[in-house]
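Asker: This is what each chain is made of:
There are 2 protein chains.
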Amino acid sequence: MTAHDPYDPKEFYDNLVKHKLVLPGTTPGIFGRGAEFEKVLLGFNNLVSRIASDDSAELMLFPPCVDRKLIEKVGYMKSFPHLAGTVFSFCGHDAQHRDLLGRIQDGKPWADLLEMSDISLTPAVCYPVYGNLTGTLPEKGRLVDLTGWVYRHEPSPEPTRMVSFRMREFVRAADADTVIEWRNTWKERGLQLLLELGLPAKLDTASDAFFGRGGKMLAANQRDQQLKFEVLVPVISAENPTAVCSFNYHQDHFGKTFDIKAANGEVAQTACMAFGLERMTMAMFKTHGFVTAQWPESVKKLLWP
Amino acid sequence: MTAHDPYDPKEFYDNLVKHKLVLPGTTPGIFGRGAEFEKVLLGFNNLVSRIASDDSAELMLFPPCVDRKLIEKVGYMKSFPHLAGTVFSFCGHDAQHRDLLGRIQDGKPWADLLEMSDISLTPAVCYPVYGNLTGTLPEKGRLVDLTGWVYRHEPSPEPTRMVSFRMREFVRAADADTVIEWRNTWKERGLQLLLELGLPAKLDTASDAFFGRGGKMLAANQRDQQLKFEVLVPVISAENPTAVCSFNYHQDHFGKTFDIKAANGEVAQTACMAFGLERMTMAMFKTHGFVTAQWPESVKKLLWP
Chain W
30 MTAHDPYDPK EFYDNLVKHK LVLPGTTPGI FGRGAEFEKV LLGFNNLVSR IASDDSAELM
90 LFPPCVDRKL IEKVGYMKSF PHLAGTVFSF CGHDAQHRDL LGRIQDGKPW ADLLEMSDIS
150 LTPAVCYPVY GNLTGTLPEK GRLVDLTGWV YRHEPSPEPT RMVSFRMREF VRAADADTVI
210 EWRNTWKERG LQLLLELGLP AKLDTASDAF FGRGGKMLAA NQRDQQLKFE VLVPVISAEN
270 PTAVCSFNYH QDHFGKTFDI KAANGEVAQT ACMAFGLERM TMAMFKTHGF VTAQWPESVK
330 KLLWP
Chain L
30 MTAHDPYDPK EFYDNLVKHK LVLPGTTPGI FGRGAEFEKV LLGFNNLVSR IASDDSAELM
90 LFPPCVDRKL IEKVGYMKSF PHLAGTVFSF CGHDAQHRDL LGRIQDGKPW ADLLEMSDIS
150 LTPAVCYPVY GNLTGTLPEK GRLVDLTGWV YRHEPSPEPT RMVSFRMREF VRAADADTVI
210 EWRNTWKERG LQLLLELGLP AKLDTASDAF FGRGGKMLAA NQRDQQLKFE VLVPVISAEN
270 PTAVCSFNYH QDHFGKTFDI KAANGEVAQT ACMAFGLERM TMAMFKTHGF VTAQWPESVK
330 KLLWP
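Keeping their order, the protein sequence lines are chains W and L. Taking this note's numbering, the leading residue of the first sequence gets 30, the next gets one more, and so forth. Taking this note's numbering, the leading residue of the second sequence gets 30, the next gets one more, and so forth.
Rather than coming from a laboratory, the hints here were simulated on the basis of the structure. As the structure is a computational prediction, the values presented were derived from the model and not from experiment. All the pointers check out, no bait thrown in.
Identical copies carry no separate label here, and so any pair may be met within one copy or between two of them.
Below, simulated DSS-like cross-link-like pairs (lysine-lysine); rule was C-alpha separation at most 25 Å, straight line:
hint, residue 1, residue 2
1, K257, K169
2, K216, K231
3, K98, K39
4, K98, K137
5, K257, K107
6, K290, K47
7, K245, K102
8, K137, K102
9, K49, K290
10, K102, K290
11, K68, K47
12, K107, K285
13, K49, K169
14, K137, K285
15, K107, K137
16, K107, K245
17, K98, K49
18, K169, K47
19, K329, K231
20, K285, K102
Can you build the whole structure from these sequences, using the hints too?
Answerer: What follows is the structure in structure tokens.
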């Protein structure tokens, strides 16, 4: 007899469905969210807004699609080709259309009837921002506030590994000292916020899931230089807690790519921090139970003041 | 000398950019939205929520991506193949990855290195709903409240014709009488709401942009049967006002496809109504000017009570 795993991913997913928090989809990584799930997600996102309200961030909002050239330009196909989504479309006429419909009816492939478009799915909400920062930044740099949908091509039945999900993100562009100080402030704020929400959260250095053999070196380098941190909460595993919040220091990568200068004349440095809104929400349900009415009063007060 | 066209699309777009309402993109139909644009959009969406607050709609939320099989199942590739977006992804290893990067560097096509995935872009926020209604509906049917991003592959520099935009939508499923009565209530409500916001709005019968030669017949049929209505406001043309709101009566199309039964045992009928949130917002800026502080007090009170 095997001991019951309190972090079993399938049991967690089934519970989300049973409580109508998740509306099951028909393909892995894509599913609907119910009213109560959204109430928690929006409550948390509003709480982040209140915490950041004195920072005078500029709000920008971008669609879940971007110019494919942007994905090429930022090096996404170099680092994460396996996670990218590229949009293809049908450009044929009546004859090709008849062919297309016949193939769909017969359950045959129809990929070759489509053409690559100029559009990709947005892999991180910050990518479209940098082109808007080109030029010389003001004295204190700039801070941008973003919420949006992102795409990661890693279909999985595991509920925290979604193909499409929302991020609440802040992007800081300035000189190195200012950017690092901002990143450090949010490292404390982010961890503190999650602890106040009663989550067993821990901060750790991290690395991205870079592609291929060369990617292993990039990941090791990122860890060595402490360029990425994550806040982790156990959701579907006690040993491998889930990243619900991450901090990335890009050094001058985007400053160079998009010709952004700090006020001191040097190439601007950038950093971003983001909450995975669905993962945060799932962490709350895992920790406090599937019925929000039974959550601790202090938590409810923070989410819905 | 040509007379100045007060509805010139390019001038309207340039004004949106000048006032930081729109953050220009690098490919047609994809652009960012600024803080003031979002303030109007959210103000309007909240106003719709208040108007619908006594309707007891169930909230559901879906990502901007769906199962490709759903797009096939609902007949979207039959009616609107030219507007669909299908996601392709890279499934190769290190050698193919080197090839991919070489081609991107040389500006050569790399479409053939990708494979069709199981995922499509969501063309209308209501499609993922119907699978959640399968079975027999309660006595009064069901009403679902949705907000989400949709994709239409019609890249254009014309600002109201976006590739990616948001819809606020309601879906009603019940017996025919109930559905038609609900549709008629919203026809009045929708027009009334826009008139109260000071927009020169008009209701008209309409048809969808069905594909190809066969599509012309479908569109004529849709008009004859008065299955589609739109509320129109002049934004980039006085002669061809922009649809900012539409009402679609699907009869038993989705009821049959998803095996939804009304409480009376018959195949359920469905209808939906949706506001194009970006188009509504643009109609407001076109009508009241680009500076919200100068808008009529009555309008500001409705948007930000």
